[in-house]
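K.L.:
Chain A is already provided as a structure; the job is to place chains B and C with the ligands on it using the hints.
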Amino acid sequence: MDDDRITIDVTDGAAIPRRKDAGLFSAWWIAFLGALLTLVSLLVFEPDPYLKILKFLPDGIVVTFQVTFASIGFALLLGLLTGIGRISKNRIVNAVASTYVEVVRGIPLLVQLFYIYYAMGRFVKVPDIVAAVIAMSFCYGAYMGEVFRAGIESIHKGQTEAARSLGFNPFQTMVHVILPQAWRTILPPVGNEFIALLKDTSLVSILAVADLLRRGREFASETFTYFETYTIIALVYLIITLILSKLVSKMEEKINYYA
Amino acid sequence: MKKVVLCLLTVLMLSSSAWAKKIVIAQDATWPPMEFMNENKEIVGFDSDYMKAAAKEAGYEVELRNVAWDGIFAGLDAGQYDAVCSSVTITDERKKAMDFSEPYFKVRQALVVPKESAAKTLEDMKGKTIGGQIGTTGYFVTKKVEGVNAKSYDEIGLAMEDLFNGRIDGVVCDDPVAAQYALQKAEYAAKLKIAAVLDTGDEYYGVAVKKGNKEVLDLINKGIAEVQSKGLDKEMRAKWMGQ
Amino acid sequence: MPDSDPIIRIENVSKHFGALKALNNVSLSIESGEKVVIIGPSGSGKSTLLRTINRLEEVDAGTIIVDGWDIRNAGNNINKIRMEVGMVFQSFNLFPHKTVLRNLTLAPTKLKGESRAEAESNAMRLLDKVGIRDKADVYPAKLSGGQQQRVAIARALAMSPKIMLFDEPTSALDPEMIGEVLDVMVKMAREGMTMVVVTHEMGFAREVADRVVFMDHGEILEVGTPAHFFEDPQHPRTKKFLSQIL
Ligand SMILES: Nc1ncnc2c1ncn2[C@@H]1O[C@H](COP(=O)(O)OP(=O)(O)OP(=O)(O)O)[C@@H](O)[C@H]1O
Ligand SMILES: [Mg+2]
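Protein chains in written order, with this note's numbering: chain A, 1 to 259; chain B, 1 to 243; chain C, 1 to 246.
These aren't lab readings, by the way, just hints derived from the structure by calculation. Be careful, since some hints might not be right.
[Claimed, not checked] Straight line, CA to CA, 20 angstroms or less: simulated DMTMM-like cross-link-like pairs of lysine to aspartate or glutamate:
{"#": "1", "chain 1": "A", "residue 1": "K157", "chain 2": "C", "residue 2": "E58"}
{"#": "2", "chain 1": "C", "residue 1": "K112", "chain 2": "A", "residue 2": "E161"}
{"#": "3", "chain 1": "B", "residue 1": "K230", "chain 2": "B", "residue 2": "E57"}
{"#": "4", "chain 1": "A", "residue 1": "K157", "chain 2": "C", "residue 2": "E57"}
{"#": "5", "chain 1": "B", "residue 1": "K143", "chain 2": "A", "residue 2": "D59"}
{"#": "6", "chain 1": "B", "residue 1": "K96", "chain 2": "A", "residue 2": "E222"}
{"#": "7", "chain 1": "B", "residue 1": "K95", "chain 2": "A", "residue 2": "E222"}
These numbers were taken from a predicted model, which means no experiment stands behind them.
The shape of chain A in the complex, shown without the other chains (with noise of 0.2 angstroms):
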């Protein structure tokens, strides 16, 4: 009805490639097959180390992809909960919400990592990996509420109306009517978020999580590679995060399918 998309940009993900803007659409291209190239040449012209290297990292890949997905579903879960909390007119349960965004902006990831794992380990026993995703998932909750916030209030008062004159209590409402509005507002900074976080778990190989990283620098004190090795995993995160920044494009091309 109304096209007044908002864009929100919450912190630093990636730059996701739109139709419109075409430098940066080339610039994915130049960059992916840029890294790519660079990554298969290494490999064939250099197998040593370069495939020692990249056979050492599979698991530490798959702890990246599972810390990634498992903390990004529960800070979307606690992004919308705090998202609603930070607009709702109950005043605990705002200043829940509020405090809750304040606390997490307020204090590094790394801090929060080292805090939540070393911490709280005296008080609750909880696996490493675990730790990392509670860690992670917290922080990011945070800027997920924000983003969810943002979107929620992006969508026009008249739809809360509309929704609730015809019955839906504000729970249907939200998801019946608001959230799968929001959605194309809130998806754009999600998938931004999305990548921020997995280039941020990164960070968790300092809970001694034998992710991408933390296999990497393993490989390279015991080879002293140290060169090569981070060459490798630099690439290895930048395909990554640019496959990625590739498929939220796509998605949020297909969400505006009734604009």
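P.N.:
Okay, now just chains B and C with the ligands, sitting in the frame of chain A:
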């Protein structure tokens, strides 16, 4: 008048550093009692004292620099400092990448476990998770044991904390360090013990320099020889390890 | 039906927006089947009064009884009461992510447990009634304003309400589309629906209203039949208002 004094002082300082060669030594100060940070934010410990004594004996200056373990050899290779003296075990693998001084200290690997554990060897830890510091010999020996899940940490202290919190089942590291954590720190000592000094063989610490850096290596070797012939290392051992 | 209870009873209702008194001790009763048109200058509180009836606007004081339910009593389920009260907005407020048909069937299927088929056949009947049966499968963005408002009316009717509230339903429309919406409303009035309509369409008021209510500054200043209103208004401000818009 003041200015003149200042100028003189500056000249004096410059000239003194000009004739006494200064060697910058990297240490990962997370490895008590060998090298760690004291309350005054100074790097102290057995290795630190050893390097200072060696410098004094051989007539050169040292500057100790705190560098994270993971990447400490990369920094050496990149020329960010002259040497690494940080409980570095001389291994064949490492010798390919850098040059080592004469050995200056002998250690073995020790396994730290919770008090109630019955494990005596690494074999007893099958199916369990053992932590170690990334890129250390302790981590390498653990990784070689079939059926043990080796977990690498940035710092040995973090591995000990995880062991203390029950997230992992054991930690392998150099025996002086194991003793420091499992016996000296009251909180840990109440819960942890050294299960065994492992029969993975003696290891010798050496000071690492960039491959081919003979000038620095000779100076350090000279210092080490002096320290040993005067028996200074025994004093340091008593001071830092109580033995 | 003077012997039955009024279907809407508003008694001594007041409402503030901060320091602004949007409704000042307003009382109004509406009988079942009655058509009431509310007029008045901008900012006089017409929308606010209308929106208190289905509690889109919470009031500060007073009593509002709808179909026997005290809607200010927290013990009464406001969502149930709202199903009885359809509302049509100035800005249509159709659900842009649903097709026209789905706009009509969403509430009946989710809230009344109607089967999809049942809801759809009912929806098609209503679309027929408002004259846009052929647009059932398009998204609202593809419709003209008049068409959208007719869909909005049909959407409200799909819940089979006892009361319909209209808040300036034609004010956002291009002049040539006003007629098609008013026609639908007139038809609805003939079928006996209880209607409360805020509008500037005096022709509609004259033709359909049982009573006309004039508001200014949050108060009801005059209530009467259209004949009374348009031929013999009493209050000076009513006169002034009518002289301005007629
Ligand atoms: N949510 C709100 N917050 C603050 N003030 C409000 C709000 N809604 C309405 N008002 C004020 O209350 C008064 C009555 O508003 P209302 O919308 O009921 O007027 P109206 O008669 O419907 O006017 P119009 O013909 O312009 O629609 C106005 O002064 C308006 O500015
Ligand atoms: Mg109004």
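K.L.:
Okay, which hints does this one fail, numbers in order?
P.N.:
none
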